[in-house]
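Novice: Chains as they are written, first to last, in the working numbering: chain A, 7 to 378; chain L, 7 to 378.
Among the hints, a few may not be true.
A pair counts as met if it fits within one copy or between any two copies, since identical chains are not told apart.
[To be verified] Using 20 Å as the maximum straight-line C-alpha spacing, the simulated EDC-like pairs for lysine to aspartate or glutamate come out as follows: (1) Lys328 / Glu53; (2) Lys291 / Asp113; (3) Lys296 / Asp231; (4) Lys291 / Asp348; (5) Lys291 / Asp231; (6) Lys328 / Glu173; (7) Lys291 / Asp90; (8) Lys328 / Asp304; (9) Lys328 / Asp357; (10) Lys291 / Asp304; (11) Lys296 / Asp354; (12) Lys296 / Asp283; (13) Lys296 / Asp259; (14) Lys328 / Glu318; (15) Lys296 / Asp113; (16) Lys328 / Asp100; (17) Lys296 / Glu53.
Hints are computed from structural coordinates only; laboratory data are not their basis.
Number of protein chains: 2
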Amino acid sequence: MDSDRRKFLTATSAVLAVSTWSDATRAQAGKASVRKIATEEAFATPELVAAWLDIARSDPAASLDIPTGILSIFDNPRPGSNQDRFRRQLLDIDTERLRDMDGAGVDMQLLSVTIPGVQIFEPARASALAITTNDHLAAAIARHPTRFAGLACFAPHDPVQAVREMERAVNVLGLKGFIVNSHTHDLYLDDPRFAPVLEAAEALDRPIYLHPRAPSNGMAAPFRDYSMGGSIWGFGVEAGTHAVRMILSGVFDRYPRLRIVLGHMGEALPFWMWRLDHMAARRAKDGRMKPLSLAPSDYFRRNFAVTTSGFESPEVLDLVIKVAGIENIMWAIDYPYESSRDAAAFIDGADLTGEQRARVFYRNAERHFHLI
Amino acid sequence: MDSDRRKFLTATSAVLAVSTWSDATRAQAGKASVRKIATEEAFATPELVAAWLDIARSDPAASLDIPTGILSIFDNPRPGSNQDRFRRQLLDIDTERLRDMDGAGVDMQLLSVTIPGVQIFEPARASALAITTNDHLAAAIARHPTRFAGLACFAPHDPVQAVREMERAVNVLGLKGFIVNSHTHDLYLDDPRFAPVLEAAEALDRPIYLHPRAPSNGMAAPFRDYSMGGSIWGFGVEAGTHAVRMILSGVFDRYPRLRIVLGHMGEALPFWMWRLDHMAARRAKDGRMKPLSLAPSDYFRRNFAVTTSGFESPEVLDLVIKVAGIENIMWAIDYPYESSRDAAAFIDGADLTGEQRARVFYRNAERHFHLI
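So here's chain A without its partners, still in its complex pose (with noise of 0.2 Å):
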C-alpha cells in the first residue's frame, strides 16, 4: 500500500503544473479582487477508494451511505455522468481542480477528505488510513501552498491514536484543523469516548469540521426510500442532530473554546434557534435537563461557524447572518459536487457590504483556520 501511494506521489508530481493565482489572472476571469477562500472542499485517494470500494461490496447492510453513495461513484459509473466526473474530480488535486479554481476566481481550497472518510473501518485500519491520507494531503499542499489548505482526518474511535494524529496533522503537517464527518459507527461526539479528540481540538486551537453522511443506523429507516438519506435531506437531518447533541450534552461547557465548523448554512440549526432556547429555558425550569451555563444560540455564536456550501439561497444567508453572526460564516463550494462558479456568483451577488464580503470570502477562514 505504501508503495502503491509512493506511485500515485510520483504520477501526479509528473503532470503537475505549479500554478499560482495573481492578480493578472483574477482580473481576466472578470471577478472582483476580493480574495476567496473555499472552505468546504473534497477529495479523495485512490488507497481510500478501494478500501470503500471493499467495504461497500463485501457488506450491503453497512451503513446507509456507505453502499449506495460509495458505489455509485466509484464503482465503475457511467462515462458521462455526474457520478464519473465526481470521481475524476475527488481524486485529481494537481490538474482539473487548479483549471476549475482559476476559471472561478477561487484563490484556495481548505481540502477535507470525502465522506464517509477513515470512519467506517475498524479502530486500527481507520487509524493507519488517516495517517496515509494526511501525508497524502499534506504532500499535495506542499506542491502548491499558496492554493491549499487542508483539515486532518482521524479515527475518533481510536482515541488514543486519534490525539496522536491530530497533534502530528497540526504540527508536523501543517494541517489547519478537522474534518469528522458525522457519525462513527453509529456514535457521536458528544459520547464520553471521544472526550480526548474534543480536548486535543480545543488544545491545539483548531476547528472541527462536522461533515454531514448519511443518517445513523439508528435513525436510518425512514431514509430508506426516495435516496432520502443523501444531500436532499438526510445529510441535513444527520448533521443537524449531531450538533444539537453535541449543544444540549454540555460539551460545550466542558470545551469552552472548541469550535464546530457546519456547512450547509448551519444545517437548519440557524432556522430552530428561537425553539431550542426557548424550550431548552423551559426544560432547565421544568428540571428535565441537565442545566447548561449558557442558552444554545449563546453556544452557537461562541462555540460554531458556519459555511455556504452547496445553498445559495439569500433568503437563508439572511437568517444565517441573523443567527450566527457574520463573523462566523465562511464561504464553501462543495468542490467537485458543486459548481465553484455557480458559488462565487451566489456570494458575489449577495447583499452585502464590501466589508462583509471580506469577511465570508477569505477573512474569517483566514482568523478560524489560522490561515495566515
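Let chain A serve as the given structure and place chain L on it in line with the hints.
Specialist: Frame of chain A; chain L shown alone:
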C-alpha cells in the same frame, strides 16, 4: 364508555358560560381590532387520557413519545408544574380556555386533539376513539360556535373506517379539516395503504394538519438522549421528514388539490427549500429519482400551508413569507403548551403591513379551513 362520555359532557355543560368575543371586550384587552384565529390549539378528552395511560403504563417500550410525553403530563404531575397545568388546560374547553382567549384577544381557536391522538391504538379501537373524540369536539363547538372550530381525527391505519369518519366529520359534524399526529405505527402518509385517506381529504376539500410527534421507531435512537425526541428537536425532524417523504413520493402529483398544514414555521422545509429544489433537479437529471411534475418549492406553495405555532422568531417569519407566500401563513399559539399572549404579541410586533397581518391572523385560516 359511552356513559362516561355522556357524564363528562353533562358535567362540563354545567359549568360552561356562553361567551362571545365582542368588539368591546377586544378593545378592553387593549389589542388591535384585527380578528384573531389561532390554528393549532390542543385539547384532550378524559376517555383518551385513560386510554393513553393504559398504553404508556403497560408498554414502556412503545414509541419514544408515548411513555414520556403522556406519563409526564397525565400520570400525577407535580402540583403547580407546567405538566399539571397542561393536563388541566387540555381537558378544559369551556372555562379557563375561554378566559385565556379573552385575555389574549383570541376570537377563535381551531381545536385539534393533542399528541399522540388516536393513531397509537390498534385500528378498530383507534377508529372507535376517533368517533367519540370527534363527537366530543363537535359538542364543544356547538356550545361555543363563535369561539371554536375543529379538526377531526381518524385512524389512518383503518382506511375504510377512516374515510367514513372523515366524511361524517365534515358533512355531519361540520369539522373543518383533519389532524394527523405524524407517523402511524412508524408509517408515513406516503405509504400506499393510506391512499384512501389522502383521496378523501382532497375530495372533501379540507386540509390535513400534519402535527409533529416524537420520531418513529426507525429513527428514534439518536433522540433518546437529552430528551431530544420532543419539541426541542425531534418533533421538527419527524414532521419535516414526513412532509419531505410526501413531496418526494409524488403524493401531490396524485392528489394535486390536497393541502397539508405544517406547524412551527414549516418544520424547517422553508430553510431547506433551495437544497430540496437543487437536489431534486439533479436527481431527476441523473435518473436517480422518479421524476416529479413540479419542483419541491412549487408543491410547497400549492399544497402546503404553514402556521407560526410555538415559534416567535421574526427572522424565521421573514424567511417563511418569502418561501411559502403570505397567503399560506396562519397564526397559531399551540395552546396550552405556549402562551397565547406571547404568541399574539409576537405577531402584533412583526414587521407586517395591515393587509399581511389580516391574512396571517384570520383570512388565510378562513380560506384554507372554510371557516366562513
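Novice: Is the C-alpha distance from Lys291 to Asp90 at most 20 Å within one copy, between copies, in both cases, or in neither?
Specialist: between (54 Å within a copy, 14 Å between copies)
Novice: With 20 Å as the alpha-carbon cut-off, assign the pair Lys296 and Asp283 to within, between, both or neither.
Specialist: The answer is within: 14 Å in one copy meets 20 Å, while 39 Å across copies does not.
Novice: Since the copies are identical, ignore which copy is meant and state whether Lys296 and Asp231 lie within 20 Å (CA to CA) inside a copy, between copies, both or neither.
Specialist: The answer is between: 11 Å across copies meets 20 Å, while 36 Å in one copy does not.
Novice: Up to 20 Å between alpha-carbons, please classify Lys296 paired with Glu53: within, between, both or neither.
Specialist: So Lys296 and Glu53 fail the 20 Å test inside a copy (44 Å) and across (34 Å) alike.
Novice: How would you classify Lys296 and Asp259 at a CA-CA limit of 20 Å: within, between, both, or neither?
Specialist: Intra 12 Å, inter 46 Å, cutoff 20 Å: intra-copy only.
Novice: Should Lys296 paired with Asp354 be assigned to within, between, both, or neither, using CA atoms and 20 Å as the limit?
Specialist: neither (43 Å within a copy, 34 Å between copies)
Novice: Using 20 Å as the alpha-carbon threshold, which applies to Lys328 and Glu53: within, between, both, or neither?
Specialist: neither (42 Å within a copy, 46 Å between copies)
Novice: State whether the alpha carbon distance between Lys291 and Asp231 is at most 20 Å within one copy, between copies, both, or neither.
Specialist: Classified as between; 18 Å across copies, 40 Å inside a copy.
Novice: Cα distance capped at 20 Å. Does Lys291 pair with Asp304 within a copy, between copies, both, or neither?
Specialist: Within. Shortest intra-copy distance 18 Å satisfies the 20 Å Cα cut-off; inter-copy 42 Å does not.
Novice: Could you place Lys291 and Asp113 in one of the four classes (within, between, both, neither) given a Cα distance threshold of 20 Å?
Specialist: Classified as neither: same-chain Cα gap 49 Å, cross-chain 31 Å, threshold 20 Å.
Novice: Up to 20 Å between alpha-carbons, please classify Lys328 paired with Glu318: within, between, both or neither.
Specialist: Answer is both: 17 Å inside a copy and 15 Å across each meet the 20 Å cutoff.
Novice: Between copies, within a copy, both or neither: which fits Lys291 and Asp348 at Cα up to 20 Å?
Specialist: Between copies, since 18 Å is at most 20 Å while 46 Å is not.
When each numbered hint is compared with the structure, violations occur for hints 1, 2, 6, 11, 15, 16 and 17.
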